[in-house]
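J.: So you can see what is in the structure, the chains are spelled out below.
Number of protein chains: 2
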Amino acid sequence: MSSAVPVLDFGSMTQVIHFLMEIDKLKSIQRRTKVIGTQRQENSAEHSWHFAIAAMSLAPYASKEVDIQRVIQMALLHDIVEIDAGDVFVYDLAARAAIHDQEVAAAKRLFGLLPEPQCEHFTALWQEYEEGESADAQFATVLDRSMPMLMNLHNEGQSWIENNVSLEQVLARNGMIANIYPELWQYLFRHLQDAQRKGWLK
Amino acid sequence: MSSAVPVLDFGSMTQVIHFLMEIDKLKSIQRRTKVIGTQRQENSAEHSWHFAIAAMSLAPYASKEVDIQRVIQMALLHDIVEIDAGDVFVYDLAARAAIHDQEVAAAKRLFGLLPEPQCEHFTALWQEYEEGESADAQFATVLDRSMPMLMNLHNEGQSWIENNVSLEQVLARNGMIANIYPELWQYLFRHLQDAQRKGWLK
Chain F
1 MSSAVPVLDF
11 GSMTQVIHFL
21 MEIDKLKSIQ
31 RRTKVIGTQR
41 QENSAEHSWH
51 FAIAAMSLAP
61 YASKEVDIQR
71 VIQMALLHDI
81 VEIDAGDVFV
91 YDLAARAAIH
101 DQEVAAAKRL
111 FGLLPEPQCE
121 HFTALWQEYE
131 EGESADAQFA
141 TVLDRSMPML
151 MNLHNEGQSW
161 IENNVSLEQV
171 LARNGMIANI
181 YPELWQYLFR
191 HLQDAQRKGW
201 LK
Chain G
1 MSSAVPVLDF
11 GSMTQVIHFL
21 MEIDKLKSIQ
31 RRTKVIGTQR
41 QENSAEHSWH
51 FAIAAMSLAP
61 YASKEVDIQR
71 VIQMALLHDI
81 VEIDAGDVFV
91 YDLAARAAIH
101 DQEVAAAKRL
111 FGLLPEPQCE
121 HFTALWQEYE
131 EGESADAQFA
141 TVLDRSMPML
151 MNLHNEGQSW
161 IENNVSLEQV
171 LARNGMIANI
181 YPELWQYLFR
191 HLQDAQRKGW
201 LK
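Here the protein sequences line up with chains F and G, keeping their order. Quick note on the UniProt record's numbering: the first sequence kicks off at 1 and runs consecutively. Quick note on the UniProt record's numbering: the second sequence kicks off at 1 and runs consecutively.
Derived by calculation from the structure, the hints in this document are not laboratory data. Note that this is a predicted model, so its numbers are computed, not measured. Possibly wrong hints are sitting among the right ones.
Unchecked claim - Pairwise CB distance ranges, derived in the manner of DEER restraints:
hint: 1; chain 1: F; residue 1: ASP92; chain 2: G; residue 2: TYR61; range: 37 to 45 Å
hint: 2; chain 1: G; residue 1: GLU128; chain 2: F; residue 2: GLU162; range: 38 to 46 Å
hint: 3; chain 1: F; residue 1: ALA95; chain 2: G; residue 2: ARG173; range: 45 to 53 Å
hint: 4; chain 1: G; residue 1: GLU128; chain 2: F; residue 2: LYS202; range: 43 to 51 Å
hint: 5; chain 1: F; residue 1: ASP92; chain 2: G; residue 2: VAL7; range: 25 to 33 Å
hint: 6; chain 1: G; residue 1: ALA95; chain 2: F; residue 2: GLU116; range: 53 to 61 Å
hint: 7; chain 1: G; residue 1: TYR61; chain 2: F; residue 2: VAL104; range: 26 to 34 Å
hint: 8; chain 1: F; residue 1: ASN179; chain 2: G; residue 2: ALA97; range: 45 to 53 Å
hint: 9; chain 1: G; residue 1: ALA98; chain 2: F; residue 2: SER134; range: 42 to 50 Å
hint: 10; chain 1: F; residue 1: GLN30; chain 2: G; residue 2: ASN164; range: 30 to 38 Å
hint: 11; chain 1: F; residue 1: GLU116; chain 2: G; residue 2: SER63; range: 19 to 27 Å
Glycine residues also receive a C-beta, built at the ideal position from the N, C-alpha and C atoms.
Okay, chain F solo, but in the shape it has when bound (with noise of 0.2 Å):
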């Protein structure tokens, strides 16, 4: 897949060296969304930033059951199984649902490199993101559902308008934040209108 990176001893840090070496990979990952007012595609490594800080940011604004510190580390690693499984479109459902399997082995391989109580750490909370089901998880995909709308708003429409998607596509896709962050969808809706007005959705 990707090509090797050597292994120093660093004693009984080794493993995480490697592992931190390894992952370094999530920077050459590329997103369909660009930074904003560039032509650069951002890479998902930058995005699990950008992620982390919104949920610092809108910590106030969560419901009370979420604990921010555990939705800032689902953020931060809820990417890395993308160095081997890729990147795949948030409205590419077909493929989404072919990659799950490819993506249980990159978190088996790339969070097994981590000696025993970190791999079990980001695994338990990797799945616990996957499952979406606790409110820690669904906060986490409100906002990392969030971010390439509001980038999208903010630039002119961009991955929208180059990869032909609709506001129904948009709306259906994320329409679960109602539920968990009312607030948010309501300001979200109005401007997801506005951008098909304005020809940034079909």
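Take the given structure of chain F and dock chain G to it, following the hints.
T.: Using the frame of chain F, we list chain G on its own:
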């Protein structure tokens, strides 16, 4: 400086969303270090992600006084001031001293985009990191300094060679790691000496 990001109405979240779109610009601040095995310089947003994941992964090796959640938050926001002040090479000591006032003004402008509670929280964490005196700030500094060294050790000394850096400079600037995280320094020191023998450091 940088172009204006449109401000969209998100009710009580308007300021936070504007802040999140403004800091998208951190993805365009380039560092000297290149993504391992590529010719692309990493940017400060993806570096911040890498540093935050390092904090998560190395948590079991931190001293008991360290609150790793605060270190993760410091990692996420420590470089945001570079949006206005730019990135200065860690070995350019004159430039680092000269830029301090610009960074303070940048923190004021950028964190000032947020509502009062988040502004105060982010500013206080950034100041604590800059002062480098608390146990959390010291552990954060060790990780921030270690990441580019680790990347160089795994990437044939790329940024050291390109910027004509000597072993003496690296030891003078990073020797503080020996006091804060002696086990890590023991291994780093050995690999840095190896790097000099290989011609990666002067």
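J.: If you check the beta carbons of F/ASP92 and G/VAL7, does the distance land in 25 to 33 Å?
T.: Check passed, 32 Å falls within 25 to 33 Å.
J.: Could you say whether the range 42 to 50 Å given as a hint is met by the Cβ separation of G/ALA98 and F/SER134?
T.: 48 Å, holds
J.: Just to be sure I understand the hint, the distance between the Cβ atoms of G/GLU128 and F/LYS202 should be within 43 to 51 Å; is that true here?
T.: 48 Å, holds
J.: Holds or violated: the 53 to 61 Å window for the beta-carbon distance between G/ALA95 and F/GLU116?
T.: 44 Å, violated
J.: Could you tell me whether the CB distance from F/ASP92 to G/TYR61 stays inside 37 to 45 Å?
T.: Holds, since F/ASP92 and G/TYR61 (Cβ atoms, about 40 Å apart) stay within the stated range.
J.: Holds or violated: the 45 to 53 Å window for the beta-carbon distance between F/ASN179 and G/ALA97?
T.: For F/ASN179 and G/ALA97 the Cβ distance comes to about 52 Å; the hint holds.
J.: Lying within 19 to 27 Å: is that true of the beta-carbon distance F/GLU116 to G/SER63?
T.: 21 Å, holds
J.: Does the beta carbon distance between G/GLU128 and F/GLU162 stay inside 38 to 46 Å, or does it fall outside?
T.: With Cβ atoms ~42 Å apart, the hint holds.
J.: Starting from the hint 30 to 38 Å, judge whether the C-beta atoms of F/GLN30 and G/ASN164 obey it.
T.: 32 Å, holds
J.: Mind checking the hinted window 45 to 53 Å against the Cβ distance between F/ALA95 and G/ARG173?
T.: 46 Å, holds
J.: Evaluate the given range 26 to 34 Å for the C-beta pair formed by G/TYR61 and F/VAL104.
T.: Hint holds: Cβ distance 29 Å, inside 26 to 34 Å.
This entry does not satisfy hint 6, going by the numbered hints stated previously; all others are met.
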